[in-house]
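As you go down the protein sequences, you meet chains W and L in turn. Counting in this note's numbering, the final residue of the first sequence is number 1152, and the numbers go up one at a time with none missing. Counting in this note's numbering, the final residue of the second sequence is number 480, and the numbers go up one at a time with none missing.
Think of the hints as simulated: they come from the structure by calculation, not from any bench.
Quick list of simulated restraints, FRET-style, between CB atoms: (1) L/Gly286 with W/Ala1055: 28 to 34 Å; (2) L/Glu434 with W/Leu1056: 41 to 47 Å; (3) W/Leu928 with L/Lys233: 55 to 61 Å; (4) W/Leu1036 with L/Ser433: 39 to 45 Å; (5) W/Thr1035 with L/Tyr157: 20 to 26 Å; (6) W/Leu1036 with L/Tyr157: 20 to 26 Å; (7) L/Arg252 with W/Leu1036: 22 to 28 Å.
Glycine included, C-beta positions come from ideal geometry on N, C-alpha and C.
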Amino acid sequence: MEYIIQSLREAVSLLFSLDTEVISAIWISLKVSIAATALACAVGIPLGLFLSRGSSTFKSVLITLSNTLHAFPTVLIGLLVYSFICRRGPLGQFDILFTPTAMIIGEAILGLPIAISFALTAAKTLDPAVLETALTLGAGRFDCALAIINEARFGLTAAVVATFGRLIGEVGVAMILGGNIAGYTRNITTAIALQTSKGEFSRAIALGLILILVALAVNIALRFVQSRYEVERSAHFIPRGE
Amino acid sequence: MQPPFFRLREIKKSYGNQFTLSVESLDFGHGEIAALVGPNGAGKTTLLRILATLLAPDSGTLLIDKTEARQRLRYSQLLSTRRRITFVLQKPFLFSGSVLSNILYGLKVRGLPRRVALQKAQSALRSAGVLHLSHRNAKSLSAGEGQKVALARSLALETEALLLDEPFANVSPEDIPPLENILLERARSGCCIVIASHIPASVHRLTDRVIYLRSGSICEEPAENILRGKIVIRDGEKYLCVADAPPIQVVTDKTGDVTVSINPRDILISTVPLLSSARNTLKGVITQASSEGETVRLTVDAGLRLTSLVTKSSYSELALNIGKEVYLTFKATAVEIL
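The following block holds chain L by itself, in its conformation from the complex (with noise of 0.2 Å):
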């Protein structure tokens, strides 16, 4: 079997005491979509930008298709293993010139003849959407079409891994599909793609990988429905309370305040008010729901926000709709304390 592109061993990356990044092992191979999902400062940037070689880890491997990457390295090896990823900054910085310049600039650095250069230049802005900006000067450029430039340049270096950091957060909509068609066909063609959401729902179309980071560590699933509050005993039992919000009863030997999360799959929707054993059911409205693939995520309005992924047939089945009014059960169980 073919060895993966990048393999992280044991690596930890600190700044001050605030915030470390600790992966014990994680590879990502040829051909292969990966998305790092996670809230702000969870740590995505900071992994995209070791992988990158920007940043050398306090300690720990990487070995990027089995060479180790270290800034000991030779020069030249660093740069020969540098000039085979590319990575899109989140906010992509563009270079003053045209929007042309800006793409022949990796090809130039490699030494590419100016024909074979523009041409290549110019497939890359085509499959983007972005050949009528050539001409423009990259300043002018809106943040979204910026966006599509960032990542034109760096699709036009064909390299062979691909690293990019929130890419569509400024992209409209409607342009995103045949952007994520453009990271499929590299992927199929062997090309292995790393790409940082913090929005999970952003990455179903391009991968079932899905690498959930908190506070700087991968975790199986993301955290939801955080909720802070204070641990209360009424009758024996204990409740949290959320400012006005109707207490949740949990379970817990911790007192004071606390911030809790509620997996959304633990979360029951229903149009008429549960018999079970469940000591939860909130009452609500549904504010917001998108489709997930299979799954639909329901954001519900009980006093307090949470959401709950329901199957697409539940979802008709129930005749759920924004604005319908539904009680959500949980078990006590089921809130975890962080």
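The shape of chain W in the complex, shown without the other chains (with noise of 0.2 Å):
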């Protein structure tokens, strides 16, 4: 328990310390994981949408893969881009591997289906009358797409929510295709599991504090922009007086 106690204490201490290499961590954790989230969500959210439209066996086959990928451990997603851009690969000639691009490129695989999944519930679960209330307002393709992300705006915020949260506390893709080499593609979860290893708990357990305070931090951010938005929206348009 002393020593529980004594780790915290040397965490806390450290995570004022701005040490170099701490701070670095959190500047790769960041900009990975919001890369691949951003790309996800860009290619999965709309996918969802689309799902959730109509019924065929393509579209159900599509999501059965999307719920099947859910399940993929992360090392085997990690091994999966690993074998296409490692040298001998199909995508060898790029020289990715061990880089911020190719975290980036795994994290955004692991990503995809639940950006897909919460895209698809907020899809489906939306009233049928947005679509058909804007049909009978005359609105275009173009236009109805937009009613719809505009009230399913809560599940899809949801989406990118889930799909950061996955992806900053990720471990597996990032340690095999970044290749843990300090101040490059060392994030925070792959230097937990290096402190750890060492038997520098005290470290890990900073570096596992200062991780769920950058999450923290990006989920209030988020959700900043999104009551900003409701406020806007409601003041949208509004002329004072007659």
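Both chains are sitting in their own frames, so use the hints and assemble them into the complex.
See below:
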């Protein structure tokens, strides 16, 4: 017990010491997980919305595949991407193994099914009257899509939040594709793994705390954007007086 | 003569085996108000959805101002046709945001300059009597307010056709006449209005053209006084027995369980028992009376609840009133087996 408290104390002091290694790990974690979340959502949300409309064998196969991807161990995804981008792999010429780019690709694949599922659920639970109302008021395809996205925005924000949450805490893909190179591909989670194996428990715990704080900060930012958007929407187009 | 705005021919639309809407021939003209009346599930909404091009019929043709409306149509054509029509859903959906932003939606997608859009929106809000709600959050409105806002949202677009599905269902009675006046005014300026309602009395102020729908087909008049019971033979005569109510003499070949309807016009009301050839006389008490143009619709509880139509003059001459004891008289042949 003594030693856990000791670790916590050390963790707090490390937190405020602005250690360059720690700062770099935070930066890499944020950079990679935000880029991968953006990529996963840019593909996954439209795909989820597309899959929510109507039903066909093709769509149901895609939904099943996406659901299966949820169960994929991260190391397996890492391994699959590795086999494609290693020197002898089909994409070996791009030489991206052990770079942040490789981590982003792997994590985007990991985040894709999450974004798809959340978008699919958000669209499926949306009142079908949204589309009908937009159509009867003369909206074209683009305006209909905007109306749906706007009405489903809570669910869609949840897709972003959940994808980001999954990716910032991910270790398997980052380890295999990034290679845990200090100052280049070492992020918070791979640093925790390294410190733990070195027996530096207090440092590992400190990094864990930092990870939680970073996740909290990003979620506060997202929440802020969401509520600001709310206020803007209701204040939209309102001329004062008659 | 100007061709009708909507022209339906041989339209069929089925949902599984349970329901088929079948309309042989139906036109709705410019500047005309027509009412679709029928019980729930009669096909009113399906017909409106077909007119609104939200739903493609399984077969048949729908011409909208001489242009055939089909999903196969080029998208831009379909969109421009759709923009000539608006449809107010039975349970209107209001987009999140303010009431005003809802009204502006249809104007914005049509690319109107903001200044013009605002003017149109405000005038629509004013005429529907909901200008004071402009800044309210659309999700915070009551059902009646929501319905009026949805109506204003469609009125603002000044389309050539207006389709309304039970538009006054949640609107309080005193607010209905001004809304009806707006519709009458729109029709005078050439708008084709089709309004669906399950209450026949609710449309008589708007139009004389009432189209009755029953299980997916157009029928002459609505089936009323629908009774379910068993045919029983007594002394060689056939009677319909409904629960504990007095048996009604009928003329039919059928036996066993049946559903029948009695036209309210075939039921005579008198304050004393009539001596006549009619085989059925029931004694009951008036429980409801509502005025429908020149006639009064009476609901009488005679062990069965039956409605009858009498003229306003008979109503006052016989001094009929709620609670009054009356006799209902009708022929055995007035009972139609469905």
